[in-house]
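**Q** The chain contents come next:
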Amino acid sequence: MKKYILKRLLLLIPVLIGVSILVFVIVRLTPGDPARVLAGEHATEEYVQATRERWGLDQPMYMQYYIWFKSLLRGDLGRSIATHSPVIEEILNRFPATLELSLFAMVLAILIGILAGIISAVHQYSFFDYFSMSIALFGISMPVFWLGLMLMFVFGLWLDILPISGRINVSIPFQNITGLYVLDSLLTFNWRALGSSLLHLVLPGIALGTIPMAMIARITRSSMLEVIRQDFIRTERAKGLPEKSVIYKHALKNALIPIITVIGMEFGLLLGGAILTETVFAWPGLGRYTVDAVYARDYPAIQGSVLFIAFLFVIVNLITDVLYAYINPRIRYR
Amino acid sequence: MFCTLILILASGIADMKKQSSAFSDFFYMLRKNKSAMVGLIIILTMVIVALLAPYLAPNNPLQRSLSTRLKPGFWAGKDYAKYPLGTDYLGRCLLSRIIWGTRTSLSVGFIAVLISTVFGLLLGVIGAYYGKWIDTLLMRIVDILFAFPSILLSITIMAALGAGLEKAMIAIGIVYTPQMARVVRSAVLVIKEMDYIEAEKALGASHSRIIWHHILPNALAPVIVYSTLSVAGAILDAAALGFLGLGALPPTPEWGSMLSNSRQFLMSGAWWAATFPGLAIMFAVLGLNLLGDGLRDALDPRLRV
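One line per chain: the protein sequences are R and D, in this order.
Mapped onto the numbering used here, the consecutive letters of the first sequence carry residue numbers 232 to 565.
Mapped onto the numbering used here, the consecutive letters of the second sequence carry residue numbers 1288 to 1592.
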């Protein structure tokens, strides 16, 4: 197992270098003089020239990449054109918001998805089965941002019971420690802040969690259907084990491999969905930061946030593969 | 020489026979699959709507009018029949824009997937057939493209290219290529080891003949399944780009950008302007998903999850 993880980690290095080259090239393909963009619209000719030299933009492309990559290795992603602060700081400030939203969405998706999948499988062709599987089918066909808008309209405006933007009611005194508001309010026993931050999570969480929920429900159903037809389940029933323990303990355990694979895959895909969800709900996370950077043509910020998200994505996928190898040892020896 | 010719002819006829029965099997399987038929009907309806847009749309989709801004549709009473689904923030007929938007979204979806299928086939076949370092190189490139969530990669490419419908097609086409290349590659890797390919080689067939006549036709099933499902994804991604203002430029009717334009008016109660374009996206994607699942069951049951 250790060998497998080490091998996968080593394989990660060329991929990440490739990713950095790709991001560098895409951003450099942008028409226009990068030095002028970096220096700002109203900069003097001398200042543009100075900027060009400072960032090595007068040198050949591969040297520029080398310079950029060297600072990348030191964790320096450059400074944002819009705010002039280091991009890495801005990213790290916003990352907890995205993490909190993704975790909330995923917990929601796993709990409801697995439960709905099990009930659908156990009562195959029942009303509940058709109902939840139709919802799942609509769920994977819906645009995240549209679902978000509809939730905003129904629960925020029409019923007026849930907040539709931001992370917390700003009038509540609140101490930021980790950046995960739910955790921070728990740590400081701040119940009002806890309630407010949880309420703010509900709508974006549902919007972001619906696709993974639908996928998990579908895979749980089909995986469970396969398992509960097997002989050992019949044997356990024959032994007189209570039905609950047959289903939730023995069957679920054996159906878990494809479910965990899908959960891992969906966790990675959440990062993409977060970009859209955060835009809809004005959620101050990494996704919204990336979109704002694109609007502002803030190239260092685009480069930095895209690299950071790709890095997270690769890591999540790696963890999924390792977990998969752990529960399914056949994979390791391939 | 003569013998070879007869052999090839015979194998050709056998091939055709086998294929025709495979095709009728396939249509039979597809007809039996109710949800796939529903998907097919949804998609055919959308294609017809797209083709007949000029005749079906009740109004000019670009016609603005200040006096008809954000008017509700048929549910508000008979007086509103001129704009059945209401109007948007510039007073344009929502139904007409959605009908014309079918053209935009379907063409983005199909063309983007066409791009990815052509390149995916090229990369997948070359990699799997020739193997060795070419394969390794191509698969490493694919790995790199896989390191991005699809929407993030298309946003990044759009950031460099600038907004626009054609550019969105290219961006999404690039984003969907690696997965297609992998699908093709794994199919070709299996086919390449088959006995009939060995036989062709022994008969002295050229690489191009083997690839065009034997490998491609047999690799088609997973390609058809995957490209159908990809069109669904491509339509969603194109709508997302439109929603972010990076897709179709105004005033082109496009579902995603219609949604984003209506966003700020949603909170003042004009729910229709954001609801209906989203429903259109959902039905297009739903139809393609149903059809894709059905095709998978009919063509390649092993791919079933």
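Fair warning: there could be bad hints in the mix.
To be verified - Computed cross-link-like contacts, BS3-like style, restricted to lysine-lysine with a CA-CA straight-line distance of at most 27 Å: (1) D:Lys1419 / R:Lys238; (2) R:Lys233 / R:Lys484; (3) D:Lys1369 / D:Lys1419; (4) D:Lys1419 / R:Lys234; (5) R:Lys470 / R:Lys484; (6) D:Lys1358 / D:Lys1369.
Stated by the list, open to error - Some, not all, of what chain R presents toward chain D, calculated at C-beta under 10 Å: (7) Leu247; (8) Gly249; (9) Thr282; (10) Tyr297; (11) Ile371; (12) Ile395; (13) Gly504; (14) Ile506.
These aren't lab readings, by the way, just hints derived from the structure by calculation.
As the structure is a prediction and not an experimental result, all values here were calculated from the model.
Glycine is no exception: its CB is placed at the ideal position from the N, C-alpha and C atoms.
**Q** Look at each hint and say if it fits the structure.
**A** Going through the hints against the structure:
1. D:Lys1419 / R:Lys238: holds, 21 Å
2. R:Lys233 / R:Lys484: holds, 24 Å
3. D:Lys1369 / D:Lys1419: violated, 65 Å
4. D:Lys1419 / R:Lys234: Since the Cα atoms of D:Lys1419 and R:Lys234 sit roughly 25 Å apart, the hinted pair holds (cutoff 27 Å).
5. R:Lys470 / R:Lys484: With Cα atoms ~18 Å apart, R:Lys470 and R:Lys484 stay inside 27 Å; holds.
6. D:Lys1358 / D:Lys1369: Holds. D:Lys1358 to D:Lys1369 sits at ~10 Å (cutoff 27 Å).
7. Leu247: holds, 8 Å
8. Gly249: holds, 4 Å
9. Thr282: Given a least distance of 20 Å, the restraint on R:Thr282 is violated.
10. Tyr297: Result: violated, 19 Å to nearest chain D Cβ.
11. Ile371: holds, 7 Å
12. Ile395: At 8 Å from the nearest chain D Cβ, R:Ile395 passes the 10 Å test, so the hint holds.
13. Gly504: Given a least distance of 8 Å, the restraint on R:Gly504 holds.
14. Ile506: holds, 6 Å
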